[in-house]
Amino acid sequence: MSSARRAGLPHVDARTPPVLVLPGPVARDQVAALCDAVRTLLEGSGAGIVVCDAAGLGPPGLGAVDLLARLALTARRAGGRIRLRDPDPALPSLLGLVGLRFEVEGQVEEGEPAPGVEEAVETGDAAL
697 MSSARRAGLP
707 HVDARTPPVL
717 VLPGPVARDQ
727 VAALCDAVRT
737 LLEGSGAGIV
747 VCDAAGLGPP
757 GLGAVDLLAR
767 LALTARRAGG
777 RIRLRDPDPA
787 LPSLLGLVGL
797 RFEVEGQVEE
807 GEPAPGVEEA
817 VETGDAAL
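Numbering (the working numbering), first residue to last: 697 to 824.
Among these hints, one or two may not hold up.
Unchecked claim - Computed Cβ-Cβ distance ranges for the label pairs, DEER-style:
#: 1; residue 1: Pro721; residue 2: Leu769; range: 19 to 27 angstroms
#: 2; residue 1: Leu769; residue 2: Pro714; range: 29 to 37 angstroms
#: 3; residue 1: Pro721; residue 2: Gly742; range: 30 to 38 angstroms
Simulated from the structure, these hints should not be mistaken for lab results.
C-beta atoms are modelled at their ideal positions from N, C-alpha and C, and glycine is treated no differently.
Put together the whole structure using the sequences plus the hints.
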């Protein structure tokens with residue numbers, strides 16, 4: 697029994713994920729509309745991920761944490777996830793402090809060396 701092979705890599709999504717630009721300090725009454733926007737972008741694009749441009753959020757605080765937690769929950773319920781673009785440097789630390797982990801564009805994945813970094817090998821090291 698044989699089957700036709702699909703063109704390209706089956707596990708790579710070549711679509712560019714949609715981007716949602718988060719405005720400056722978000723008021724509580726704007727959260728529902730932003731959650732609806734994430735749901736709509738996920739359903740409309742089929743990409744499985746929405747990039748949230750967090751540059752406009754300003755200094756991190758509990759309002760930003762609440763917003764991002766709600767956006768992540770909405771994305772998860774819609775079968776997707778969100779990725780942060782250009783957050784304030786303290787925001788990922790604050791999110792980690794409250795137990796929320798987000799993928800950040802340009803961030804090296806855990807356990808991987810940064811691009812361009814090579815491990816040094818001593819001549820007396822045993823081969824693994």
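Now for the hints, and whether the structure bears them out:
1. Proline 721 and leucine 769 have their C-beta atoms about 21 angstroms apart, which keeps the hinted 19 to 27 angstroms range intact.
2. Checked against the given bound of 29 to 37 angstroms, the beta carbons of leucine 769 and proline 714, roughly 18 angstroms apart, lie outside it.
3. Between proline 721 and glycine 742, the C-beta spacing of about 32 angstroms keeps the proposed range 30 to 38 angstroms intact.
Of the numbered hints given earlier, the model fails hint 2 alone.
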